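So the sequence lines, in the order shown, correspond to chains A and B. As numbered in this note's numbering, residues 1 to 755 make up the first sequence, in order. As numbered in this note's numbering, residues 1 to 206 make up the second sequence, in order.
Since no wrong hints were added, every one of them can be taken at face value.
Which stretches of chain B does chain A cover? Using the computed rule of at least three CB atoms under 8 angstroms from a CB of chain A, they are: (1) 116-129; (2) 140-146; (3) 181-193.
In short, the hints are calculated from the structure, not lab data. Since we're looking at a predicted model, the values are computed, not measured. The C-beta atom is built at its ideal place from N, Cα and C for all residues, glycine as well.
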Amino acid sequence: MQQQNTARSLKVVGTAGPPIDAIERVTGQAKYVGDLELPGMLVARVLRTRHAHARIVSIDTSRAEALPGVKAVITHKDAPKVPIWGNRTFVLNEQVRFAGEAVAAVAAVDQETAEKALRLIDVKYEVLKFVLDPEAALQPGAPQLFTDGNLEGEPRTLTRGDVERGLAESDRVIERVYHCPTMWSGGMEPRVAIAQWEGNRLTVWASTQAPCRVQTNLTAQFNLPDSQVRVIASYVGGGFGTKSAAHVDETITGLLARKARRPVKLQYSREEEILDSNTRFETRVYVRVGVKRDMTLHALDVKAYINQGAYHVRLGGLGNQATHIYNIPHVRTVQYRVHTNVPNTGPTRGVGDPQETFAIDSAMDEIANEMGWDPVAFRLKNVKRNGDPIARGGTGTEDGRLVTQVTDRCIEEGAARIGWARRNAAPGKVETGPIARGIGVGVTERGNGGGLAGSSVTVNLDGSVVVFYASADIGTHSRTTLSMIAAETIGVPLANVRAVAGDTEMAPYDGGSYGNRVLYSTGRAVDEAARDCLRQILATAAPMLKAAPGDLELTDGVVRVKSDASRALSLKEVMQRRGRSVVGSGAVTQSQAETNVERAAGAHFVEVEVDRETGKIRILRYISAHDVGQPINITVVENQIEGGTIQGLALTQAEEMRFDPRDGRCLNANFLDLKPPTMLDFDPRVIESIVVSNVGEQGPYGAKGLGENPCHPGMAAVANAVFNAVGIRLRRVPFTRADVLRALAEQRQVPSRTA
Amino acid sequence: MADDQRDKSKQSVSRRAFLKGGALATGALSSTLIPDTAETQLPEAVEADTRRTLVEMKVNGTPYRKQVPNRTTLLQFLREDLKLTGAKMGCDRGQCGACTVIVNGRNVYSCTTLAVEATGAEVLTIEGLVTDDTLHPIQQAFIQHTGFQCGFCTPGQIMTTKAFLDRVPRPTQDQARRALSGNLCRCAAYKRILESVMTASRLMQA
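Given these sequences and hints, build the entire structure.
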């Protein structure tokens, strides 16, 4: 679809190697927002409510304001009445809807003074009844978070065929429910923001994946044009979706800085980060799946409750992924997106896809086992292949055709690598000794990127190249991969290219670093900008080399006449004789209809060991096979697959946020009780990635997005492997040892049960 | 919990004062959720302890002398007083390892070490690892394997590796995993971190 520089073989794209900013990252020189200090900068702290649901009757800040060293105090009275998320939520609200919500903020000369001032703020509340469970929140008489109810919009519905008829026609139907609780998914760097006003101009340094989204919110909050608001996110200590939208901290910092007339830094503590970021939303997914005796999937009925928490940073839900992976004639999915008094939710790695994969690919495994089918053969029978119909819009209508789809190959290559044939033929059959082994599979996929992408590329007078893009490099090493694209397209060594990431003032609008999009979408804009540069360079060089631009090529930093290599000039010489920089620009808009037909697939296979006496699940081997299209940097690809796989496994283990049913407060907002995996929890050596050879159509050089996908299948693959080992079904994450032992005890009480 | 916390918080729930006050129950740790209703309102903080102590230490070979409030953590001293921002604040509770530095040869969480505890010590931070413009072999190994993604935990990972390899120059992979298990990497670049540590061990022997 895209015209590439196909005249020569790839020199930079497809190689391996460390990121171009590696030295900054291993020497402590990389400056994250928390490391920055501005002259006269104040320190901000936030007062947070302990109530899960309450109305503020009064706030008296006078004593805090009188404290020496306090320079500004703000409450909901100071917050613009401009919605930040959805259409009814402000940065600070008169009605607080989760324990941990900000009610006031202070800027003072130091942290000590700011924290002391918080304690001098008197807040009187009318305490309201709260609700934590999404299904309970829809019951009559449930506490109402919003005047128009707890349900966010209409239930999101997708239909194809006639699901009731399909289920009736099926030879076997199973009905199951799968549950993922609210889970924390943030990064190592807690949220932090610095705001500085110069006249009517606001600059915010933010720990964000999407500087342009933050900018858009700030322009709305402060009623300023884009040109007056600059957002900078140079180094970001991880995002995983929790920093993919504007958040309250940037605006709070801006309000305080404006009031205090001094720069302000607001650094969240870890507890604040866990409570007031955005978490992975709870999902309770009711699944009915029907199959025909010929091994075909016939009907799928999904009813899901999405617990959006108090506020939806962005509206979430299941991506109807099942309808993209499998051919199913009769489908109905209904999603209820419900507000409750648990903290904010929003997109986190994969948005709803890990939760959906857990439900769907567990159900697929359950019905295959009930029918006595090989779960891999069953999937291969039903999985969508290249050229199969696919819905281009968000509806059930399949009006497009899949391109470059390789789900089948991901499954086949993964199965071969793990030795699928070794799995237990009879799951749960009692073995000698307490230890049992099993193999499981989980299949996933996701669309790539999309939306608005932009970049500009400058070629300096010495021939060096700078790539500018406004999305942040959050650890996905997009500085490197985008520089590689520019190097390849222009025809210079990678060492001559650097990238400036995450500055809204330096680069055109670009959606952000989320949704498998930077490489796929921003990468296309970079490629376009680089081709713009190349055109200008060749036009400049043509008279110097007495040739037509079309007869020239630029390789390894040298412009040559194609037919006579002796007629050549270095790019540096061309640029110096030109006497002015070359600036290229690229902007790409990809519609959903366009991106929906090209998707990135993946299949995970895991071998586990289950100890029947202790309930411990040990990962023995884990194969992550992914379609990445054309890899731009193989090291970056493998790093993403390995890390994403462990994040997916983390969901099976320990990331649940627990809430006290008596007061709605989170019980484990710290890294002791909510522990992300350490190097000991999962042996990283057992993870093997398979990069399934493929070249896409729409991404730069045929690349596809990858960031989200490796996080999807872990829960399903492990649950299916545990079943294969000991014959028990785990339908709620995390899989604690107690859950395993309980299921084993139930199994012993029903000895005849096979599934 | 509220009553319990109210009593304990008379010493102030501010974190710095908390350190001064010694070990309190976990309840007081959630200082970000300061009670805010009439019925749960905490008493106002007592005056912050203004006592200061002269801290003398060598950091990356350079001697420093400074009067600091007793409550100052080593992490705050490094980041705020010395402007050495390589060590990061990831949790401020000794639960993540992003703040790891080396004190007298041992890797410590600088967020749970008071600056006064390091008086007289030799402190090494990530900024002190480069000598004569040459990266330390551990840094070279982390680059060779890309033992990081976002890089926020990397200074801590590298400092733990340094203290470990100085102590155990030829570790097994399992020893290395155990030694590094106090440093969280949320990007989970663990496979590459482990490879980096093992390669660093070899480079340091050479």
